[in-house]
Amino acid sequence: MSNLKNLITRKFFAAGKLNRTFSYLLVIIGYLLLQSLSNAGALTSHFSSLLVPLTSYIVIAIALNLTVGFSGELSLGHAGFMGVGAFSAVIVSGLLTPYLPSAPLRLIVAMLAGAIVSAIFGALIGIPVLKLEGDYLAIVTLAFNQIIKTVINSIYLGYDNNGIQFSFVNNKISLGPGAVTILKGPIGANGIKRISTFTAGFVLILITLLIVYNLINSRKGRAIMACRDNRIAAESVGINVMHVKLEAFIISAALAGAAGALYGLNYSTLTPAKFDYNLSIMILVYVVLGGLGNIAGTIISTSILYILPEQLRFLQDYRMIIYAVVLIGIMLITNNDWFRYQLARLSRKLKRRRKKAKGGAGND
Amino acid sequence: MTFLQFLITGLSLGSVYAIIALGYTMVYGIAKMLNFAHGDIIMVGAYLAYFAMGKYNLPALVAVMISVLVCTLLGVVVERLAYKPLRKVSSLSVLITAIGVSYLLQNGAQLLWSSAPKMFTSIIPPNTIRLFDGQLTITHLSIFTIVVTLAIMIALTLFVNNSKMGKAMRACSEDKDTARLMGINVDTTISVTFAIGSGLAAIAAVLYASAYQSISPTLGSMPGIKAFTAAVFGGIGSMPGAFLGGLLLGVIETLVKGYLTTQLSDAFVFGILIIILLVKPNGLLGHKYSEKV
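Going down the list, the protein sequences come from chains A and B.
Note that my numbering numbers the first sequence so that position 78 is 78, with each residue one more than the last.
If you want my numbering, it's the 1-based position in the second sequence plus 1000.
Treat the hints with caution; some may be incorrect.
In silico EDC-like pairs for lysine to aspartate or glutamate, Cα to Cα no more than 20 Å straight-line [what the hints assert, rightly or not]:
(1) B:K1032 / A:E235
(2) B:K1167 / B:D1177
(3) A:K356 / A:D337
(4) B:K1088 / B:D1177
(5) A:K193 / A:D229
(6) B:K1032 / B:D1133
(7) A:K172 / A:E235
(8) B:K1088 / A:D160
(9) B:K1032 / A:E133
(10) B:K1088 / A:D229
(11) B:K1257 / B:D1133
(12) B:K1088 / A:E235
(13) B:K1084 / A:D229
(14) A:K193 / A:D160
(15) B:K1088 / B:D1187
(16) B:K1055 / B:D1175
(17) B:K1055 / B:E1174
(18) B:K1280 / A:D229
(19) A:K172 / A:D160
(20) B:K1118 / B:D1133
(21) A:K172 / A:D337
(22) B:K1280 / A:D337
(23) B:K1032 / B:D1177
(24) A:K220 / A:E235
It is worth saying that the hints were derived from the structure and are not from the lab.
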């Protein structure tokens, strides 16, 4: 029994480390490859325009995996955090433009602002929401997503030489000379200075990986997973379940906010309607297909599922139908008993072969 | 008087939510899955009725019957092909499959019927009843909607409480394995549940489209989400809960729109949902199951 346990723990950590190395390698090689291709002019302009959104989707997918995969809470509202981050960043960047001309510096400040505001929202939402469980938690996060979207939809913000003007629901802003409108209610933000870069996205992914891998391999991370696996058992060994879950949720929200900031500052126009539950669901699909609790898998699935449909635009209307069929197909096949049995047999066979090869080498 | 006006409008809107929520809650009660494709079945139902009435000039009643029949079939086929193989796996896989089905129906509709909205003629002539010297106007459609919903609710309650199949449904929602041991055909029971839920969705579709008089491939998503909220509101898995939740949601939405703000009405509706769930974590009429250690 202890032998078996030993084996499982050792295997788990090996897998964890392998997964970590693989994730970093994947991101770094992917970045170098795409950046050099881009510098050589080998990428079409359409493909290049997908790079920044891709990095921000990867970050938010990893953030969502922290909530769904590691913490075990089904969140259908992460697009809300992304929206909070995006619009906070747009506001901060818009207000700072006259004072902080350096674009990279402004991007950093805006992303930090996005992360912080989103973390505050994460705490505000997490405290009541995490008391609920399962599908109730899912619907409440979805509800919060809709609320956030509706509220951003009603904000009007602008400034002129006399200062900042803000109004809610009804547009009462009347700007004088030197007017700049930042948010226009349902129309969203227009004329955003596009300061996001692929390199910034790459750095954000690296920071995200650093945070998430360090968290899940720490004492706190093990507590998070213990709460997921058995709440009552975790409580009985003295883990403060609410506290631990809330911390994971806030970190996830902050990362989603930073990803949103990167995303928002990549477009010249941004509408709040973009960040509705459909986006949350899209990201959830990336996470589930990549594997719950598997970060390398999340990176791969997000890249494939985001880039592929965009590259299949020549299929026009059939594109999303194919996507839907593939989605259903993958779920049916990977959960098929026969297929699983064959997969397990194959992996056993491979392992035996590897063992044999190792054993042979040892005997020589 | 305006309050009464809003109340009746709200009850009529809430009735549509209630019918959809009944479908959600029955499916959830038995299959324990969030059927994200339910809203898109509503959309299909609306289109079927539209074509039956507009293109083939069938009478409204026949059009509704065709719509109900085809949606019932669609619900059963989707359940058999997509959800049945996944009955024993994690609920998240089923959720993703349901999302896939939703994408498929939505984009299929877009391909077949184009994404441009179509005019839907109400199945009930747009006549009104005027009361109190015209201070209170009630459309025939809202009365019809409320009556239909009440009839459905009574019929469904009788069915679930008294018929053999209803008993089987209740048994399956309690414990599938024990139900199977008692000789209940669980697969058939689940299929029948999906059939009823989808048929109800078609009825809701016609009522909803009659009220808004415009249909598009994304028609189902908003009432779908609202009805889902209504089902959770009342306690998911509970039929009276879904009914109450739907009506309350419709009334609250209309009152907020009428007295406070149109723009923020969704925020209020969802905010009230959150407050209710915090006070009663299992919804208004949901069961509380205590966890055994």
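Results of checking the hints against the structure:
no. : hint              : in the structure
1   : B:K1032 / A:E235  : violated (27 Å)
2   : B:K1167 / B:D1177 : holds (15 Å)
3   : A:K356 / A:D337   : violated (28 Å)
4   : B:K1088 / B:D1177 : holds (12 Å)
5   : A:K193 / A:D229   : violated (45 Å)
6   : B:K1032 / B:D1133 : violated (51 Å)
7   : A:K172 / A:E235   : violated (52 Å)
8   : B:K1088 / A:D160  : violated (61 Å)
9   : B:K1032 / A:E133  : holds (14 Å)
10  : B:K1088 / A:D229  : holds (19 Å)
11  : B:K1257 / B:D1133 : violated (25 Å)
12  : B:K1088 / A:E235  : violated (28 Å)
13  : B:K1084 / A:D229  : violated (26 Å)
14  : A:K193 / A:D160   : holds (18 Å)
15  : B:K1088 / B:D1187 : holds (13 Å)
16  : B:K1055 / B:D1175 : violated (46 Å)
17  : B:K1055 / B:E1174 : violated (45 Å)
18  : B:K1280 / A:D229  : violated (25 Å)
19  : A:K172 / A:D160   : holds (14 Å)
20  : B:K1118 / B:D1133 : violated (36 Å)
21  : A:K172 / A:D337   : violated (61 Å)
22  : B:K1280 / A:D337  : violated (39 Å)
23  : B:K1032 / B:D1177 : holds (14 Å)
24  : A:K220 / A:E235   : holds (14 Å)
The structure shown violates the earlier hints numbered 1, 3, 5, 6, 7, 8, 11, 12, 13, 16, 17, 18, 20, 21, 22.
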